[in-house]
Structures are given as structure tokens and as C-alpha cells.
Amino acid sequence: MTSRQRNTGIIAFLAAFIIFILPFVFTFFMAVKSRQEAALFLFTWPSEWHFWSNLVEVVQARNYMLLLAYFNSTIITVGAVALLVIFGAMVGYVLQRRPSGWNKLIYAGVLMGLMVPPAVVPTIWVLQGLGLFKTIHGMILIQVAYGLAFSVLLYRSFIATIPRDLDEAAIIDGAKPWAIFFKVILPLLKPVTVTLILVQSIAIFNDFTNPLYYLPGRENVTVQLTLFNFQSQFQSQFNLLFMNILLVTIPPLIVFVIFNRQIVAGMTAGAVKG
Amino acid sequence: MTAKRRSPYPYWFVLPAAVVFTVLFLVPTIASFWFSMTRWDLFQTEFIGWDNYRQFFKEPFLVQGLTNTLIYAVVTSGAKTILGLLLAVLLTSGILWQGFLRSVVFFPVLVSTIGVGITFAALMHPTKGAINIALSYVGIDGPSWLSDPTLALYSVAFIDIWKGVGLATLIYIAGLAAISPEYYEAARIDGATRSQQFWRVTVPLVQPATVTVVTLSLIGGLRSFDIIWATTKGGPGFASDVLASVIYKQYQAGFYGLATAGNVILFLLIAIIILPLTWWFNKREVDL
Amino acid sequence: MKLIPSAALLSAFIVASGMAQAETTLSVLIDNNPETIAAFDALTAAYTAANPDVTFDIEQRAGGAEGDNLVKTRLATGEMADVFAYNSGSLFQALNPSETLADLSDIQGNVIDSFKPVVTSPDGVVRGIPFGAAMGGGIYYNRKIYEELGLSVPKTWAEFMANNEKIKAAGKVAVAQTYGDTWTSQLFVLADFYNVQSAVPNFAADYTANAIKYATTPAAVQGFQNLEDVFKGGYLNEDFGVAKFDEGMRMVALGEAAHYPMLTFGIGTVKQNYPDNVNDIGFFAQPGTDAAKNGLTVWMPMAAYVPATSPNLEEAKKFLSFVASVEGCNTMIGAIGATGPYLIEGCELPTDVPASVADMLPYFQTEGMTAPALEFLSPIKGPALEQITVEVGSGIRPAAEAAALYDQDVEKQAKQLGLPNW
Amino acid sequence: MTSVKLKSVKKSFGAVDIIKGIDLTIEDGEFCVFVGPSGCGKSTLLRIISGLEEATEGTIEIDGRDVTGEEPSKRGIAMVFQSYALYPHLTVRENVGFGLSLAKLPKDVIRQKVDAAAEALQLTHLLDRKPKALSGGQRQRVAIGRAMVRDPKVFLLDEPLSNLDAALRAQMRIELTDLHRKLGATMIYVTHDQVEAMTMADKIVVLNSGRIEQVGSPMDLYNNPVSPFVAGFIGSPKMNLYDGPVAAAQGCKTYGIRPEHVVLSATNGTWKGSVRHVEHLGADTVVYLVVPEMGEIVVRVSGDFKAAHGDILWASPVAGREFRFN
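Protein chains in written order, with our numbering: chain A, 19 to 292; chain B, 3 to 290; chain C, 857 to 1278; chain D, 35 to 360.
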């Protein structure tokens, strides 16, 4: 490492500290302050530490709603991401491997899925007709429908890098289509799958608007909706609000720490070559 | 002739995804064209033709909302593209703590948008916010970031950039990794300076990543809603209203037909901007 | 696994067979204002104590426009809780009450007549009972500042502005504004309705019939003008653009500002956060041009409703008849105190009410000293009023232009409701 | 009796005809090489035999059975790909046994067969490695092993040696020939390298733009090429071929003479020219001679021949070794 690289690193670190880290420090300070002190918004060292009591109060609030929310959000995220991986890879696979007139139609769908803002009220109308409104599995399917386009694109470009010889070797080995896909192709998609899991699980876990509409009801509360608990129209309990933000950030943080190294690899292989 | 053999890439692979997508995305989208022509209060619908569209274009703030949408999308996607590339170059140049800095830059992408909005609303508070207090130490009387009508939109855009630049950086880091070091070695042997290497090698060769970043951030910017809603709710007044927030307000007010018409308009706006752009990018890529 | 619950159920059945009723759980949807929560917790606890077979599952929703939307969506989709609390007046009318809400006319025994019209659907059926106290819309003032500067409660807008000038001269913030919660910006306009009505007595009816406009009625423009004047006078707190409602209450309670235009329920916040300062706050109606015609614009309380589709209709009505009883009323006062008169016959306020509530009560005791807010007389209220008042109050748009813009905004709502003449 | 019979096989992609009608019989146990320049359709033909590609017209018989519409896995064939197509996520053992496990064979049978193939190919010590931990030659052998365990009637090999370095390629040529001898199976082998064709084949099929130019044993093709194309393709260095006046003087359309069938003399001969370039290969020396009336002629002489740039030499064809094509 040259001295230039070291000095640039130190300057970059200082800048990153001010721009990217301080806001999180602020969130943390707010989260541990007393209610009155938090309401002042000042970026100061907490005069009294209420970490544990604030934490307990947030967790216990509304009859342990946060725990229920973690549970619901986890089910929705895991379910939707699992389906997105399988469905997205299957579509991306056929799209890349089998050129035909249908592909134009599929691409049109993908492009729409990326661009078109979902029509909320007609969607509620459809969900109701199917008996899926206000259900966790309905929510999972909504997240799948909204996330498909991105998954398909990511997989399609990655599958383009897998030599067709592998499919053909499997065909000659007597593999049926599903066996080629699940035993040969799917295991090879691991790097891009990791990227997809990371991106989609964070998007779904952090989704606020969709559960707000498609998943009303106390028993269906999701993590982001718990932020509503403390941001009432009339009175704001900022210390609890910020503690809630802090708690809500933890699961994505865990995902990030686990997959950090593999993100760039997946992006290199997938998203960019599109 | 024997029967045609089945392809190893059967179309039923597409079926599960197609069913979910069609039922929960396409059908509502298509239905929205019908509902946008009705007066609809969720209880009854009454067909009123183009009235909702006429009403929408009569909205005194639509024109402003439209310009705001474009400004917001261009500012955020432009900044994410430029800053993303510069950060990616910096974070692949082997500087001290490079891995850690990459994580730091990417981390805001993970945080809940609502949480970021609430945090920055506090930091940008005109009198108590940390930003203005810091500015006052250097003798600057900081403005009211989120409630000054001339500034609010840009302040929200800043928050959006802060939150999103990590993703752009990551895509660029991936794009840079795909460039063979031999190009730089050849350029150095040819005597190219650092800035020449950047402009003549990096920028053209990283174009696929640029396409991804520009397209994604532009679509995101045009559709952007939650960060605006979490900070200014389109205010003060209508100063930071974008199309998505105008639509949302119609929706909240119970004007479902009108809101759905707005949805259709936003859809068309995005199509008008993105389709020619992707077409142009694709054409250029063939040229390369 | 499966055996155990059925065995438990069986034994429960044997025990319960002696009783006439089965267990009922009523689902309840209320807004997440802490006072609403506290009141409902007290009411349901009291009711369950008296009726052990009825339990409650209380769900909270956001307030404001977000909450409006949620209530409408859930009613329309048949997902509404058995009992829910929501605004009366024009917002009630927007729920399409004739079709979505149950008939509650047989449990109105104790309800004061003046409340009934604001929960009566277009077909003439009463479909709600009052929940909470009536409110006045006016101006809170800090009594210590008034004493210190020797000010007296203004009876005209001119006097009010003169007070503001003196307060400003004394280096204090004269008027707190909190546009961070946009709804609070409407007060100067909405609370001026007593004055509008005294100048144009038929305003509400003509307005509903599209026969009169805000922009062409000087008395109606005055509300917007007030907002503009206060801004131009430089009387506002520095962070008026982002401050929130509870900060406004804090400012007026702690003397950081002399005035805060608000509904009288605001005192509840002060009681909770700054109990020592409750009696530092006084209240007066928004003054008009004529000192002789000084009166209060009144907001009806929220109401509790039962959706027409509720499977527990009878139980829900029984519970609401308790809420609308004197006992229910006293339970609420016990839980959250008195912020204004309850609209239940025979429900007396305690004698030790906060000063600001005491300031308000005389208006109610004199005939003609109160007028309902416009939203209780007319079903139309433009959804963008909050944004428009923020604009006027921040100096972005002049009052006259804002009034014209508001007229345009109202038109959509009227069309949506299918009113004649629009 | 595992013969492969192609009857008027055609293949077109849209308006482009890749294979323009091919009739061919490959006998049981034969090592048959398809050779030709890139784009001649040799790989497509192989893929049609494998069933990976469908013929537009015509029929394919393997072992006397019409397999034209049959799945590749049902045809009794095995294929070795140019890229080896090893499954990167599976170990060598799993790669070799993949087809058997798909066929739901008992585990111990699979184990036995894989072990046997590994033994034959000296892969036993590599069975638990992943493909990326193998050298090129080892991967090549795994690919062959994977083909072997299926006990195919016909082996199809698509340029299997083209990714190896020259030394390894020569060694693998011998190993493959040995293997063919040992297994006695029919093998169809595609290459663009005439050396592989000459050294390994029982029968060479020369393809040119979708048609068969000539079929025959290596020496047949060397001695009796039916066209300038075949003549130019077989043999190294390439045969000298002349059109125009030179050929006309010989009474034909194209006149050809192999470099090894030209004699050089310092004093007299048929054509007089000056030396442009000399390549010393050790055993042989290749001389490039510029003759004014015909252009350049390449001559192969013995390794001890001395010549230098600018020398004037005479060249003469060996009688009876000239080719005249019409």
C-alpha cells in the first residue's frame, strides 16, 4: 500500500464517518434518550441512558406487537424470496435458452413489471375476489408479482454465462427438463441467487406501503408498520420511534454481514452483463 | 414423420410466474384503465369517460408536480450515477480500509426508508437539527431544509441520493471488476495520465454498468414516493409534490378513479422516458 | 395434540352450559392517539368487568388522511372491526354510511340531540354514538406572558394582532405554528367559521348547494387573511415549517410562545407531558371583526360506529349503548379527564377542570355563542386544505388566491359525493 | 451390429441450409472422423446424430432402428463435448455417475461402474475433486469417463482435443485410439484438424458447406482425392494447387502436386524459381520457391537440404504423383 493510498483512505474514512456513520450514531443516541430529551432532537450525548427500558417498552408495546411483526415479516420475506428465486430462475432460464416469439411477450411483461407503478385499488379488488386480501400468503404472492421482473432479468443475464454444453450433456445423460434445471442449472446460479436474496429480502422486509394496503389487521402487522405505533398523529415518542428504527434495522444488517463478500461477485456475474 | 420431440426448455417453466404476475399485476393494471374512467368510491362505480383525466390535468399543481418529478428523477439519478462511479473508482483503488468503506457506503441501502426519512427530518430541523447547528459553528445560518419551498425538493433528493448511492457504487464496483487490468496497463504504456485513463478507459468500458445504474435510478426516481412521504409529504404546501405523491393524495381523499387515472398517467410518463432511453442504450451497445 | 383442545372445549362447554351466553370477542379499531387508547382501554375494561363473557381485541390505526383511507378501504372490503371510532360530520358522510354502517338509532337514549345530525346518514338514520368530548377551535394563550405584559384576552382580530405586536416587541414568539403536522395549519381558517356564519348566516347551506364560494365571500377569505397576516407580521416561531403539534402545545404551555391556535383537546397532551403547566394555559375563541359578536366554533366529538356487516352486531350495540351512557361517560372522564363537554345527557364535568377548559365552558352555556364547524354543516371539505393553509401560513401564496384555489379543490369532493348543482 | 445410417439428412435454420442432404453409413466398431473447415456443418451433423438437433428432413438409424424422433438419451449414444461440459458443482465421481443416478440405478451398481471407468482412465485418485481442481487433460478424461459408463453403442466426440496443448493432444490421440480398440465401440469424431483425422480414423468423411466431398480411409483420401478441396485439406504442408494457365497447360481445370512429390535441383527441372523462404523442421525442410509463370510452389525435401534466400533452383514433379481435376 502506497502512502497515497493510505492517506486517501484516511480522508475517505473521515468523510464517510461524517456523511454515512453519524446519522446512525444520531439514531442510536435518540433511541437511548428519555422521551423529553429525544423530543429536543439535539445531536448530543444522552444525559441518561435508557437503552434497556426503551427497548423493553418498544418490544412490549401493544402486547408484544413487535415480536408478532418480526414473525410475520420473516414469513413473508422468506416465502416471497424463495418463490422469487425459483420462479425467476425458471423464467430467466427458458427466456435465455429458448428463443421464440413468446420471448417478446415475456420481455414486455418484464419491462412493465420494472416500470409500471402498481395500481393499488384494483389490486385490492382482485385480491378480494380471490380471497387473498388480508392474508399472509396473499402478501407473499404480491411481493412475488412485484419482484419478478428484476429477478428474471438478473437470472437471464447470468444464465447466459452458463455454457449450453452443460444442458446438452445432461440431456444426453437422460435428464428430464426439470432435472436439468434443478440438478444442473439451479446449483450453478448460486452467486446470483445470493445477490437476489440479499436485494429482495431487504426490499421486502423494508417494504412499508404494500403491507399497509394489502395486509391490514393487527394480527398481520409487519415490521415497518410498527413504526406507526410511535408516530401518532398527535404525539410522537421519538425515543421509542428511533429505538424501533434501530431494532427494525437489525435483520437486514445480519443478512448483510452474512452475504457481504458474495454481493459483488453476484453483481459482477449478473446485473451488469445484461 | 415422428412426433416432434419436446424441448428441454418447456414453457410450463414460465407458467407459475406468469400466473402470479398476470393475476396480481397485469389484471389490476389493465383494470386500472377501466377504473380510471369511472367515479369510484369503492362502493359503486360510475362510468364518466375521460373526466378523471380532464380533472387531473386541471389540478393546479399537476404541472408543478410533473416538473418536480422530472427534476427529482434527473437530480437523483444523475447524482447517483456520477457519485457512484467516482466512489467505485475510489473504492477499487486499493485505499486503506477499502472493504470497510464499501460496507459503510452500502449500508444505508439496507435501512428502512421510513426510518431514514424520520432520521433526516430530525437532522434537517431548522433550529435544532445537527446540520444547521454544525453550520452555525462556521458562521452559516442554515436554511429550513425541508420547509423552505425552494429547497424542500432538493433536500429530499439529497436524502434519496444518500440512501441510494451505495447501490450504484456496488453496481459500478462490479462493472469495474469486469474490466481487464490489461487495458490500464496498455494505457499506461501508451503514457495515459490518471485522468486520461479514467475518461478514455474506465468511462467507456464501464458503460454496461452505467446503463444499469441510469435505468434503475431513473425509474426509481420517477416512481419515488416513500422517502418524500416520510419527510415532507409533498410540502410545504405543494412545493415537493411529485406525481406519485399527488396520486397518493387523491387516493387518500377517496378519489379512487382519479387516483387510478393518475397512476395511468405516471405509467405513460415513465414509458415515454424509459423506452426511448433503453432503445438508445441498446443501439449504442451494438455499436461498441 | 388434537384431543386436548377439544377436551378443554368440552369441559368449558359443561361449565358454560349453565350460562345463557357464549363467549364473544369484539374486535375494535381505533386511532393511535394515546387519549383514544386510554379511553378505550378504560371503557372495555369496565365493560368486561360487568360482562365477563365479552372480551375485546383492540387494533390501532394511524390518524389523519392515512387513517381515513384505511377506514374507507376496510369498510368497502368488509374487513372492518365490530366497533370502530372515527370522525363525525363530513368525514362520516364520505363513508357511504347508508350502506356500510349499522342503524344505531335505538341506543341514542342519552345522546344530546345536537350531536345526532353529524352521524345521520342521508337516509335519515342515526348511525353513530359520540365518543369523547366536544371541542372548541380557538387560540390557546400563555397566561404568564399575558400577566407579565399586562395583556387582556382579545375580542377582535385587531386586538389580537395588537397583542401579538406587543409580545413581539418584548422579544417573544407571539404565535406558535406547527406545519410539520399539516392539519394544524387549518385552525385559523376552520376556527373562523363562527365569524363567517355571523356575517353570512346561510353560508353552509349555500356553500353545499354551490351558490356561494370562499373566494367571493370576504368573511370567508378572512380566515386565510388571518394566516397571511400572522406570517407577515413575523410573529411565528422560527421552526414553524417543521414543528409538530405536541411542540406547539409545549411552546404555549412553557411560555416559549404566547399563542397557539388549536382545538381544545390539545390540553390532554399538556396534561400528560407537562402536568405542572396545565393551568398556565388559557383559551379564547378566535376573534372576528366585531367584539359584540364573539363566539366559538365547535367541533363535535368523534363517534363510535358498527359496520353493517359485523357478525356481532347485537353485542357491539350493547357495548356502544354502554359507551353512550352516563356511566360510560364517567369512565372516560376518569381515564383521560375532561377536555370539554361530553354530549351525553346527565354526564357532568368535574369541578376541577383545567383553566383552558374552564375558559371554554362559558361559550357553551350561552345561547348563540357557539357555531358548529363547517364540516358538521356541510358534507364537503376539500382534501387539499391543509396544504393550501400551509402555503398561506408560510407566505408562499396570498390569501385571496388561496381561497380561489380551495374552491377548486372542493369541487372534486362535491362531484365525488354526487351533490346537486356541481 | 451397431451401424449408424443417415438417409438424405437435411437441416436448415430459416432460409439457410446448413446440411444439404447427406447419405452416410458408419459401420459397427468403426472410428469415423468428420472433418472440414469451420462452418462446413460437421458439428451440426454430429448433433443431429446425437438428437440434440432435429433434422429438417431425412432419417437417422442407429443399430438398424429409426431414431429420428427419439430423445437423445434413448439413442444409445454418449457424447464428449469440446468444452467437456463437466458439471462444476459436482465431484468427478458425481459427474461420471450423473446419468446413471438419473436412471435410478442402485447406488452400488453406480459405484462399481464409476470405479471401473476411473480405473481404466487412471482417474481413481481424482474421484472426489471438483472439475475446477483438474488439469485440462484430466478433465478430458473425466468427460470420456462420463461417456463410457453409459455403455453406449456409439460415442460422439465433438472436437475433444482442441482445448489441449500440442504435446497433450498427441498423447490423447494415442489414448483415444487405444480406447477405441479396447472398447470396440463405434465412434464418430468431429475435428477440423486433418492430422487427427489422418492419425485416428478408420473412415474419414470430408464435409464442405453442408455436403459430403468424399468418404474413405485416410490413405484413400491422400492418394485419390476426388476434388481440389479434399486434396487441399488432407496432407501437410498443403498440396500446391494451380488454376488458370498453369492448369490449362496440363489440360485440366485445376492442377495439383503435393510438396513431398516435388524434386529440387540446382541445375535443371521443369520450373525455375528463386527461393523466398526456407523452413528447417529437422527431419524435413520446406522450401518456398517463387516461379514466375505459376507463382509460389512449396516443396518438402529431406532435412539436410541446403538452400538460402535468393538461391535459384529448379523444381520438377514426381511422375504419376500429379493430380489433374476437372
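For the record, the hints were derived by calculation from the structure and aren't laboratory data. Treat the numbers as computed from the prediction; the structure is a model and nothing was measured. Watch out, some of these pointers could steer you wrong.
If you want a taste of the chain D side facing chain A, the calculated C-beta under 7 Å gives, among others [unchecked claim]:
#, residue
1, LEU86
2, SER107
3, MET113
4, PHE115
5, ALA119
6, TYR121
7, GLY133
8, ALA137
9, LEU139
10, PRO140
11, THR319
12, TYR322
Derived DEER-like restraints, expressed as beta-carbon distance ranges [stated by the list, open to error]:
#, chain 1, residue 1, chain 2, residue 2, range
13, A, VAL74, C, THR1145, 19 to 27 Å
14, D, VAL50, B, ILE84, 53 to 61 Å
15, A, GLY149, B, TRP14, 24 to 32 Å
Here a beta-carbon is modelled for each residue, glycine too, at the ideal position from N, C-alpha and C.
We went through each hint and held it up to the structure:
The criterion of a C-beta within 7 Å of any C-beta in chain A is met by LEU86/D, whose closest approach is roughly 5 Å, and the hint holds. For SER107/D, the suggested interface contact is upheld, since its CB lies about 3 Å from the closest CB of chain A, less than 7 Å. About 5 Å separates the beta-carbon of MET113/D from the nearest beta-carbon of chain A, less than 7 Å, and the hint is met. At about 5 Å, the closest approach between the beta carbon of PHE115/D and any beta carbon in chain A falls short of 7 Å, and the interface hint on this residue holds.
Evaluation of the ALA119/D hint against chain A yields a held restraint, the C-beta minimum of about 4 Å falling below 7 Å. Evaluation of the TYR121/D hint against chain A yields a held restraint, the C-beta minimum of about 6 Å falling below 7 Å. Here the hint on GLY133/D is kept, as its CB sits about 3 Å from the closest CB of chain A, short of 7 Å. Interface hint status for ALA137/D: upheld, as the beta-carbon distance to the closest one in chain A is roughly 6 Å, under 7 Å.
Taken as an interface hint, LEU139/D does not check out: its beta carbon lies about 11 Å from the nearest beta carbon of chain A, beyond 7 Å. Taking 7 Å as the C-beta cut-off, the interface hint given for PRO140/D is violated, the closest approach to chain A being about 16 Å. Interface hint at THR319/D: violated, since its Cβ lies 42 Å from the closest Cβ of chain A, which is beyond the 7 Å cut-off. Checking TYR322/D against chain A: minimum C-beta separation of about 40 Å lies over 7 Å; hint violated.
Between VAL74/A and THR1145/C the CB atoms are about 55 Å apart, so this pair departs from the stated range of 19 to 27 Å. In this structure, VAL50/D and ILE84/B break the distance hint of 53 to 61 Å, their C-beta atoms being roughly 46 Å apart. Under the hint 24 to 32 Å, the C-beta atoms of GLY149/A and TRP14/B, about 25 Å apart, fit the expected range.
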